[in-house]
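For the protein sequence lines, the chains are R and Y, in the order given.
Yeah, the first sequence ends on 304 if you go by the working numbering, and it's all consecutive.
Yeah, the second sequence ends on 1323 if you go by the working numbering, and it's all consecutive.
Misleading hints may appear alongside valid ones.
[Unchecked claim] The list that follows gives simulated cross-link-like pairs (lysine-lysine, DSS-like), each with its CA atoms no further than 30 Å apart:
{"no.": "1", "chain 1": "R", "residue 1": "139", "chain 2": "R", "residue 2": "49"}
{"no.": "2", "chain 1": "Y", "residue 1": "1062", "chain 2": "R", "residue 2": "139"}
{"no.": "3", "chain 1": "Y", "residue 1": "1117", "chain 2": "Y", "residue 2": "1087"}
{"no.": "4", "chain 1": "Y", "residue 1": "1062", "chain 2": "Y", "residue 2": "1117"}
{"no.": "5", "chain 1": "R", "residue 1": "147", "chain 2": "R", "residue 2": "86"}
{"no.": "6", "chain 1": "R", "residue 1": "141", "chain 2": "Y", "residue 2": "1087"}
{"no.": "7", "chain 1": "R", "residue 1": "291", "chain 2": "Y", "residue 2": "1117"}
{"no.": "8", "chain 1": "R", "residue 1": "139", "chain 2": "R", "residue 2": "86"}
{"no.": "9", "chain 1": "R", "residue 1": "147", "chain 2": "Y", "residue 2": "1087"}
{"no.": "10", "chain 1": "Y", "residue 1": "1087", "chain 2": "Y", "residue 2": "1062"}
{"no.": "11", "chain 1": "R", "residue 1": "141", "chain 2": "Y", "residue 2": "1062"}
[Said to hold, decoys possible] Derived list of chain Y stretches under chain R, where covered just means 3 residues or more per stretch with a C-beta under 8 Å from a C-beta of chain R:
{"no.": "12", "segment": "1037 to 1043"}
{"no.": "13", "segment": "1060 to 1066"}
{"no.": "14", "segment": "1081 to 1087"}
{"no.": "15", "segment": "1155 to 1161"}
{"no.": "16", "segment": "1176 to 1189"}
{"no.": "17", "segment": "1239 to 1251"}
{"no.": "18", "segment": "1294 to 1300"}
These are calculated hints, taken from the structure and not from any lab test.
Owing to the predicted nature of the structure, the values given are computational and were not obtained by experimental measurement.
We treat Cβ as the ideally placed atom computed from N, Cα and C, and that holds for glycine.
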Amino acid sequence: MSYSNTRLVPPFHRSPSSVAIRAVASYEAGVEAVLWETLQELGPPVRDKSVLLKPNFVEPDVEGTINTHPVVIRAAREAFLRLGAKTVIVAEGPGHERDTEAILEVLRLSDYVGPLDRSFVDLNTDEVSQVSPRTHASKLKSLCLPKTVLAADFVVSMPKMKTHHWVGVTLALKNMFGIIPGNCYGWPKNVLHWAGLSQSILDINSTIRPDFAIVDGIVGMEGNGPIQGAPKACGVLVAGSDPVSVDATCARIMGLRPERIDYLRRASLLLGNIEEARIEQLGETIGATCKPFEMVPAFQELRA
Amino acid sequence: MARIPPQERDIHTPQSSFFPDLLRRAQNPDGGWGYRQGLQSTTEPTAWSILALLAHEGPPDKVISSACDWLRRTQTDEGAWPTSSGKDPGCWVTALACLAMAIAAEGPEGAVSRGTKWLCSTWPAEGNLLWRLRQLRQEKSEIFVHQDHSLRGWGWTPNTASWVEPTAYVMIMLQNLPPQLRPPEASRRLQLAERMLYDRACRGGGWNAGNPLVYGVPGVPRIGPTAWALLALRQHPEHSAVLEGLGWLEEHYQNPRSPASLALTQLCLKVFSRPTRPIEDALCDFYGGSEFLRSTPVVAWASLALGELPRWLGPSSPEKGVI
């Protein structure tokens, strides 16, 4: 169970991390094969474990630029099952739209993962347990967390590669906001904003650190993300077991300096590697895949 | 409580009692309802279930009285209701609990009065001194959410910003109380909240969670917030924001993407006496496909949409209230 196994490791005790960058031209270009090959190489330890895939579902979006694409979710689900996972479920608690079913309907998620009553859990309506955060960076004294997440053996954060008008970018760590249930915090989960966004990201991820991250950067979002930005065809999937190094790698692909992203810098103190020298890059290079993202004025200084 | 076995469902021969029956059977032994069938009882689904069953069945029966007992037991000493047992209070769940108890009882009682007082003394955080000082210090170019923060309603939870849906729930609840049972601050809070909703309307009609313009980009309206804002403003059917919101809602009525959006649109259009169509088959089709993700509030909204117009959404006057 993730909660009791949370790893808070300062940089001087930490091993280097591996992150894979895979070029994928489109959602029709063999995502399944690429992701299967990537997971075989990285070897996440999921045999006989219950795996929870946490995508980024925000709003019903017919354009396909806001939410994690269901092709990537299906590919991850099938790959984890082939690796011997006992169960794989998709779980999310959308932060803006309380009509989760409307989002799933637009995505046609059931076409990709099967009947929703067996494959999907709405974390906004889950039973919760109150836990003490492992760090206290924010004003949050406790966290209400869904029992489905607490019971999972292996949590996979699956964000869309997007800019974010409050914190710069939203990737594997920020995506974990979606495990915070609306039935305790509302829609949006405004308590987290008032408690300090960057600090809340650290507290949530220190308490439930994702065991693995797969970022959908095939088509991302630039500009006024995470909802109102423009599509950005970036053509990559980025994956690894250290969510900080996955996010740092994505930031570099987006043409940004990860150490200038406040929450990433904070997370690098306890949760993972941010320095390029401590990240073993598999697959494509950052240089070959870098496609600088447009940023809103408040985050121009994040640019490399 | 266990899920309803497939063989006991009768979704192919829809009857107006299908969803109310579903609610009745999903009631927990302690009297409340969980967000999903079989989960522990919490405030919001319990309040929606009471409101939905009352709209279908009239006078309170044992199901309703045990649910009201559950609500009475879970009210905090301060008068609020927690979002879940033992958790922090929520403005929206307190409003819904007050409304459900007020409608269920012959007349308002102490629990409702205490809940209402708590709501009227709970202000969102965006107008406090710290917030105003920060706003003064902020460069104009840095302010990218353009809205009037002096117009405050209610947040989902205390000490956060005002948002459309919790504000609408509290307004509907207060509108239903007769003046003698409203706290002294209620009139001022209702006026401010009403102006806040107008301020937060999206360009071209409708509402989203509460940010109509970010970095100069218009926000996209959503059905839930639009329906609840319109229902809270139902006493002003000629206001331009209400007319635009209704127009936007009618545009999206033909192609509903979920049972919640279909049910809330239907309910709203009925309240404003706009044309509607039979939606029972469509709701049952949705249920057959996904079981509404087993969501109790969505089952309750479906019940409300299919039944007679509940009196708490009927015409009310600021002078008399409804109850």
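Now for the hints, and whether the structure bears them out:
1. R:139 - R:49: Since the Cα atoms of residue 139 of chain R and residue 49 of chain R sit roughly 34 Å apart, the hinted pair is violated (cutoff 30 Å).
2. Y:1062 - R:139: 43 Å, violated
3. Y:1117 - Y:1087: 20 Å, holds
4. Y:1062 - Y:1117: 28 Å, holds
5. R:147 - R:86: Measuring from Cα to Cα gives roughly 18 Å; hence the hint holds.
6. R:141 - Y:1087: 12 Å, holds
7. R:291 - Y:1117: 55 Å, violated
8. R:139 - R:86: Violated, because 37 Å separates the two Cα atoms, which is more than 30 Å.
9. R:147 - Y:1087: Given that 30 Å is the threshold and the Cα spacing comes to 15 Å, the pair holds.
10. Y:1087 - Y:1062: At roughly 27 Å apart (the allowed maximum being 30 Å), residue 1062 of chain Y and residue 1087 of chain Y satisfy the hint.
11. R:141 - Y:1062: 40 Å, violated
12. 1037 to 1043: holds (count 3)
13. 1060 to 1066: Per the Cβ count (0), the hint is violated.
14. 1081 to 1087: holds (count 4)
15. 1155 to 1161: holds (count 6)
16. 1176 to 1189: violated (count 0)
17. 1239 to 1251: violated (count 0)
18. 1294 to 1300: holds (count 3)
Hint compliance for this structure: hints 1, 2, 7, 8, 11, 13, 16 and 17 are broken, all remaining hints hold.
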